[in-house]
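**Q** Please model the entire structure based on the sequences and the hints provided.
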Amino acid sequence: MTDLPKTTGKKLGLVIDLDICVGCHACAVNCKEWNDGGHMAPLTDLDPYGKDVSGVWFNRVHSFEAGDHECGRTVHFPRSCLHCETPDCVTVCPTGASYKRAEDGIVLVNADTCIGCKLCSWACPYGAREFDEIDGVMKKCTLCIDRIYNETLQEIDRVPACVSTCPVSARHFGDLGDPESKVSKLVAERGGMDLMPEMGYRPVNKYLPPRLPKQQKAAPLMPSEEVEAKGFLAWLDRRLSR
Amino acid sequence: MHPALSIVFFTTASGAGYGLLVLVAWAALIGHHAPQTYFGITGIAVGLGLVGAGLLSSLGHLGHPERAWRALTQWRSSWLSREGVMALLTFLPALFFAWRWVVADQIASLAAWLTILGAALTTICTAMIYASLKPVRAWRNLWTVPIYLVLALYTGGLLTGLLLNAYGLRGPFIPFFVSIAGILGAVLKIGYWAFLDGGRSSSTPENATGLGAIGKVKMLDPPNTEANYLLKEMGYRVARKHAGRLRLIVLVLGFAVPIGLSVLTLYVGAVAATLFSLIAVVSGAIGILAERWLFFAEAKHTVTLYYGASRA
Ligand code: SF4
Ligand code: SF4
Numbered sequence: 049m050t051d052l053p054k055t056t057g058k059k060l061g062l063v064i065d066l067d068i069c070v071g072c073h074a075c076a077v078n079c080k081e082w083n084d085g086g087h088m089a090p091l092t093d094l095d096p097y098g099k100d101v102s103g104v105w106f107n108r109v110h111s112f113e114a115g116d117h118e119c120g121r122t123v124h125f126p127r128s129c130l131h132c133e134t135p136d137c138v139t140v141c142p143t144g145a146s147y148k149r150a151e152d153g154i155v156l157v158n159a160d161t162c163i164g165c166k167l168c169s170w171a172c173p174y175g176a177r178e179f180d181e182i183d184g185v186m187k188k189c190t191l192c193i194d195r196i197y198n199e200t201l202q203e204i205d206r207v208p209a210c211v212s213t214c215p216v217s218a219r220h221f222g223d224l225g226d227p228e229s230k231v232s233k234l235v236a237e238r239g240g241m242d243l244m245p246e247m248g249y250r251p252v253n254k255y256l257p258p259r260l261p262k263q264q265k266a267a268p269l270m271p272s273e274e275v276e277a278k279g280f281l282a283w284l285d286r287r288l289s290r
Numbered sequence: 019m020h021p022a023l024s025i026v027f028f029t030t031a032s033g034a035g036y037g038l039l040v041l042v043a044w045a046a047l048i049g050h051h052a053p054q055t056y057f058g059i060t061g062i063a064v065g066l067g068l069v070g071a072g073l074l075s076s077l078g079h080l081g082h083p084e085r086a087w088r089a090l091t092q093w094r095s096s097w098l099s100r101e102g103v104m105a106l107l108t109f110l111p112a113l114f115f116a117w118r119w120v121v122a123d124q125i126a127s128l129a130a131w132l133t134i135l136g137a138a139l140t141t142i143c144t145a146m147i148y149a150s151l152k153p154v155r156a157w158r159n160l161w162t163v164p165i166y167l168v169l170a171l172y173t174g175g176l177l178t179g180l181l182l183n184a185y186g187l188r189g190p191f192i193p194f195f196v197s198i199a200g201i202l203g204a205v206l207k208i209g210y211w212a213f214l215d216g217g218r219s220s221s222t223p224e225n226a227t228g229l230g231a232i233g234k235v236k237m238l239d240p241p242n243t244e245a246n247y248l249l250k251e252m253g254y255r256v257a258r259k260h261a262g263r264l265r266l267i268v269l270v271l272g273f274a275v276p277i278g279l280s281v282l283t284l285y286v287g288a289v290a291a292t293l294f295s296l297i298a299v300v301s302g303a304i305g306i307l308a309e310r311w312l313f314f315a316e317a318k319h320t321v322t323l324y325y326g327a328s329r330a
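Just so you know, the sequences run in chain order A and X. The numbering of the first sequence is the numbering used here, which starts it at 49 and goes up by one. The numbering of the second sequence is the numbering used here, which starts it at 19 and goes up by one.
Among these hints, one or two may not hold up.
Mimicking EDC-like on lysine to aspartate or glutamate, the simulated pairs with C-alpha atoms at most 16 Å apart in a straight line are [to be verified]:
1. X:K250 x A:D93
2. X:K234 x A:E113
3. X:K236 x A:D93
4. X:K250 x A:D100
5. X:K236 x A:E113
6. X:K234 x A:E118
7. X:K234 x X:E224
8. X:K250 x A:E181
9. X:K234 x A:D116
10. A:K99 x X:E244
Pairwise CB distance ranges, derived in the manner of DEER restraints [as the list claims (entries may be wrong)]:
11. X:L187 x A:K99: 56 to 66 Å
12. X:G70 x A:N198: 46 to 56 Å
13. X:G233 x A:V77: 28 to 38 Å
14. A:P245 x X:G67: 39 to 49 Å
15. A:P96 x X:A184: 48 to 58 Å
Selected chain X positions facing chain A (Cβ under 8 Å, derived; list incomplete) [what the hints assert, rightly or not]:
16. A89
17. N225
18. L229
If you are wondering where the hints come from, they were derived from the structure by calculation, not from laboratory data. Think of the CB as a built atom: it goes at the ideal place given N, C-alpha and C, for glycine as much as any other residue.
**A** What follows is the structure, given as structure tokens:
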């Protein structure tokens, strides 16, 4: 069970566009809303109205500053399970509760057999697994398995909750194993990246890098040399600087 | 990483228990103290007792202890599963060995050898749980397994010393063994700490976010204002100052004092020797618990790169 499938039929995953994400957290909130009643429900909150609030989230939006000066920019960065192709979070699991589906590559936890040893969360470099203190089991993004195959939903809604809610369309869902799919083309065109490739987990989800400003000589914001005042201005300058 | 007391206790207690089992079985095999029935039976009982107490304590760490049997199923891929299987398997030869010794006053050599093998393999599996975790540089390195093995033998040696003295079976072998294993353990720990302080993992905020092409990456806002599971479990940090002090405690209480006392037992009377070896066990226990606590507390996980850490 915790052996990984040799190949998966599809490689379903997300493509997240860091160029246009505005950091509104709508995806994280809609994820929480849907999944609180979904496959891994509930997403327990501890002390929800108290001082020390904490709870299970499958998707968290960070904000970073990258680069300095005129090239620097703020990048909003949603972080969730990348449904890796060779993830240790699955192989370290002693019970078989953690598994990767052979048909579509989705990485899931079986809440009925998980013993809550937390080892899988240690094995995930990306912090994509969160332990539910109340249920005593590990929880994680399901790629909205209960939406994408859900025939009671309209076809347009058969995408993960985060994708359907993003107001700027910074999130895309599809089969990254099919080079002809929209998401694969997007990744090819924009140079989609793997996070921490050195771990060797081969994430399925890709991140599209922010577009860099066109190479241009940055115009100085202020004249860099001081200009000597002449005539009336020189006189005024002398008066004022006394 | 969060140093959960149940795991700190589990790894140290079962390590010492396996070390003791190995030394008792070995003593029996080479005919050194055998067949001293009481020493043998107490040694095996204390050894298995420590292993059992450790296993029970590790169950306390689980969200669903009643499902723990499921952890025996995935030995093909999971070191944690392999550890559970090996721990249970090792009970079989150990119990048979004990039974022959007590009931028939005989040393079952095959069972003794299998006990030694099982103890070694279980300790290696425990260490491999940590040594196989790629996101934690402090664990995934070549120091982890030898340190677990040497410390298991060393702490087992301290316990064996106490039992031998208590039964009036004093000899130079255990003080010699404890000195060698202890000095080796201390040297390995010092080397490990130099490795820990001297390098960094190849993961950075730049490749964790993929934004390195733009420039240096700094956290601006975390996703949430309060701490969450990830930060509590993986973001545990111990102040450098405290870590320095604890390392000293490990070296002094964990190694220097017990080694010194073990050697001294050779030069004093029987009562004093027993007392010395008891103090050596207590001091060693405090030191090695501190060592294991630090093993967790000083370990950094790559997820902290998303939460403002500049290195992992
Ligand atoms: S992101 Fe983490 S939890 Fe998800 S598949 Fe990869 S290693 Fe496993
Ligand atoms: S917490 Fe559950 S899913 Fe994760 S490794 Fe342990 S048993 Fe497997």
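**Q** All the hints need checking, so say for each whether the structure fits it.
**A** Going through the hints against the structure:
| no. | hint | result |
| --- | --- | --- |
| 1 | X:K250 x A:D93 | 15 Å, holds |
| 2 | X:K234 x A:E113 | 8 Å, holds |
| 3 | X:K236 x A:D93 | 29 Å, violated |
| 4 | X:K250 x A:D100 | 12 Å, holds |
| 5 | X:K236 x A:E113 | 5 Å, holds |
| 6 | X:K234 x A:E118 | 13 Å, holds |
| 7 | X:K234 x X:E224 | 7 Å, holds |
| 8 | X:K250 x A:E181 | 12 Å, holds |
| 9 | X:K234 x A:D116 | 7 Å, holds |
| 10 | A:K99 x X:E244 | 9 Å, holds |
| 11 | X:L187 x A:K99: 56 to 66 Å | 59 Å, holds |
| 12 | X:G70 x A:N198: 46 to 56 Å | 48 Å, holds |
| 13 | X:G233 x A:V77: 28 to 38 Å | 30 Å, holds |
| 14 | A:P245 x X:G67: 39 to 49 Å | 47 Å, holds |
| 15 | A:P96 x X:A184: 48 to 58 Å | 56 Å, holds |
| 16 | A89 | 4 Å, holds |
| 17 | N225 | 6 Å, holds |
| 18 | L229 | 4 Å, holds |
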